[in-house]
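Chains as they are written, first to last, in numbering that gives the first Met the number 0: chain A, 0 to 254; chain B, 0 to 245.
Treat the hints with care, since some could be wrong.
To be verified - Okay, the calculated bits of chain B under chain A, using three or more residues with CB under 8 Å as the criterion:
#1 53–63
#2 72–85
#3 92–104
What the hints assert, rightly or not - If you want a taste of the chain A side facing chain B, the calculated C-beta under 8 Å gives, among others:
#4 S1
#5 S9
#6 Q12
#7 K13
#8 S79
#9 Q83
#10 T84
#11 S87
#12 K91
#13 A234
#14 A238
#15 I239
#16 K249
#17 D252
#18 F253
Source of the hints: derived by calculation from the structure; they are not laboratory data.
Glycine residues also receive a C-beta, built at the ideal position from the N, C-alpha and C atoms.
So you can see what is in the structure, the chains are spelled out below.
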Amino acid sequence: MSIILTIAQSVYQKVIKSKILYVIVVFCLFAIAYSTLYSAVTAGEETKLMKDIGLAGIAVAAMLISIMVGSTAIPMEIESRTIQTLISKPVKKHEFILGQFLGAVYVSLLSIAIMAVGFVIILAIKTHMLNLVMFKPLILICFEAIVLVAVSVLFSTFCSSMVSSILAIVVYIAGHLSYQIPFLVERAGNVVTKFVGLLLYYALPNFQYFNVKAPVAHGIYVPWGLIFGVILYGAIYTAIMLLVSLAIFKNKDFA
Amino acid sequence: MLAIKTESLTKIYKSGGKETKALKDLNLQVSSNQIYGFLGPNGAGKTTTINILLGLTAPTAGTAWILEKQIGNIEIKQKIGFLPQSPYFYESFSSVELLNFYGKIFKIPRKERCKKIEELLDMVGLTESRKIPLRKFSRGMLQRIGIAQTLINDPDLVFFDEPIAGLDPMGRKEVMDTILNIKKQGRTVFFCSHVLHDAEMLCDSIGILNKGKLVVSGKLKDLLDPKESLEEYFLKSIEKKEGEKS
Numbered sequence: 000m001s002i003i004l005t006i007a008q009s010v011y012q013k014v015i016k017s018k019i020l021y022v023i024v025v026f027c028l029f030a031i032a033y034s035t036l037y038s039a040v041t042a043g044e045e046t047k048l049m050k051d052i053g054l055a056g057i058a059v060a061a062m063l064i065s066i067m068v069g070s071t072a073i074p075m076e077i078e079s080r081t082i083q084t085l086i087s088k089p090v091k092k093h094e095f096i097l098g099q100f101l102g103a104v105y106v107s108l109l110s111i112a113i114m115a116v117g118f119v120i121i122l123a124i125k126t127h128m129l130n131l132v133m134f135k136p137l138i139l140i141c142f143e144a145i146v147l148v149a150v151s152v153l154f155s156t157f158c159s160s161m162v163s164s165i166l167a168i169v170v171y172i173a174g175h176l177s178y179q180i181p182f183l184v185e186r187a188g189n190v191v192t193k194f195v196g197l198l199l200y201y202a203l204p205n206f207q208y209f210n211v212k213a214p215v216a217h218g219i220y221v222p223w224g225l226i227f228g229v230i231l232y233g234a235i236y237t238a239i240m241l242l243v244s245l246a247i248f249k250n251k252d253f254a
Numbered sequence: 000m001l002a003i004k005t006e007s008l009t010k011i012y013k014s015g016g017k018e019t020k021a022l023k024d025l026n027l028q029v030s031s032n033q034i035y036g037f038l039g040p041n042g043a044g045k046t047t048t049i050n051i052l053l054g055l056t057a058p059t060a061g062t063a064w065i066l067e068k069q070i071g072n073i074e075i076k077q078k079i080g081f082l083p084q085s086p087y088f089y090e091s092f093s094s095v096e097l098l099n100f101y102g103k104i105f106k107i108p109r110k111e112r113c114k115k116i117e118e119l120l121d122m123v124g125l126t127e128s129r130k131i132p133l134r135k136f137s138r139g140m141l142q143r144i145g146i147a148q149t150l151i152n153d154p155d156l157v158f159f160d161e162p163i164a165g166l167d168p169m170g171r172k173e174v175m176d177t178i179l180n181i182k183k184q185g186r187t188v189f190f191c192s193h194v195l196h197d198a199e200m201l202c203d204s205i206g207i208l209n210k211g212k213l214v215v216s217g218k219l220k221d222l223l224d225p226k227e228s229l230e231e232y233f234l235k236s237i238e239k240k241e242g243e244k245s
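Start from the sequences and build out the full structure, keeping to the hints where you can.
What follows is the structure in structure tokens.
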């Protein structure tokens, strides 16, 4: 475990020195703060709007950071050949993958935490109260980020960082639309189309499960049972992605 | 004790339906406590051999033993150090951060690790530059921090892949002195190079590899005539082998 954590820490150390991460986080906080200006033109709706913009901003920033870190961690090690020195040491391939994954997850969660704290503070200043209910969508944004890191890591085991980033973005968009597949499959007459549709439905992560931003922003109650169910789904999906990554990486050469 | 032993080690690369035999039935024996120069022209298969020994690539056929344990055994890696052909390290790390990272990989306790890092930085003359990011290092400095990381775990066997190539005369001398110093500490050095003059000054034994085949292997003093340079011997051996083939 200590080797996995050491590698994870090295991922964090490398990313934290990159300016792009700060740009994304600061841009997101700026967007949240900027949304307060809309209060003048949307009387009565300002809090809802702030919550909407704030949560959406954090979700988009979390997506960008997760894909950026998850897709680049392994290809950078391979392309810069630092992996040769690392693998020549007593590091097993699964330790390498899990270390890269955990490091990317840590960076993503830390960024979300910083943005979330900023968001909650701005919201508290505006509403003069602490909106604890905001933690539900924020928790699910964290788990969506973890799944996205796992998907990015999987692609990065066999693609360049650029290609795996693009594929991860495609999966992110498709994962937010995949809930519509069953309706389309019902209407499809062709058996092959139905089969492919269902295959895609089960293979793609259903990111819509993680999206409780709108109900929370509009004051609709979201039960904790639903939150835990989605967390379990995310954990299982992440585990599958990591197992596939390990299987691909197992026989990889680094010469 | 044998530091390295290979048995019919073969590596075939396949690309676009074409096969390239990078290594052909390599049978090599390297005794411990010496500097062994693994020599050969570019593309001879030297780096491929190191990559197989270190588990970076799998052999197509044959096997090898390092410190009397078969390759693939992760325990071996506790006792070896490796400096790749061009030093590739995390550019944003400083020397201390890099050595600390590798020390942690070897699970060296914190106190011992800190002491070892100071000793190594002193040994390679990088104490003053300890906090400078590696991206600002010169080629020679990178080579020296590379050597330092190979020794973080007190290895019994150290692999150097072209450690002197591309260095200025001062850098070469520093690296060569460090390699000799490593041997004095009782370690075995497996040294890959195509710079024969430096190899002649450093090595106790040599092996000459050409087109994936071992042409000759033995103690330098037994192989060379008193008035013969290693360069002359090297060219003679390769020409002789090529002549045998044709």
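Status of each hint after checking the structure:
| no. | hint | verdict |
| --- | --- | --- |
| 1 | 53–63 | holds (count 5) |
| 2 | 72–85 | holds (count 8) |
| 3 | 92–104 | holds (count 6) |
| 4 | S1 | 6 Å, holds |
| 5 | S9 | 5 Å, holds |
| 6 | Q12 | 7 Å, holds |
| 7 | K13 | 6 Å, holds |
| 8 | S79 | 6 Å, holds |
| 9 | Q83 | 5 Å, holds |
| 10 | T84 | 6 Å, holds |
| 11 | S87 | 4 Å, holds |
| 12 | K91 | 6 Å, holds |
| 13 | A234 | 28 Å, violated |
| 14 | A238 | 24 Å, violated |
| 15 | I239 | 26 Å, violated |
| 16 | K249 | 11 Å, violated |
| 17 | D252 | 4 Å, holds |
| 18 | F253 | 4 Å, holds |
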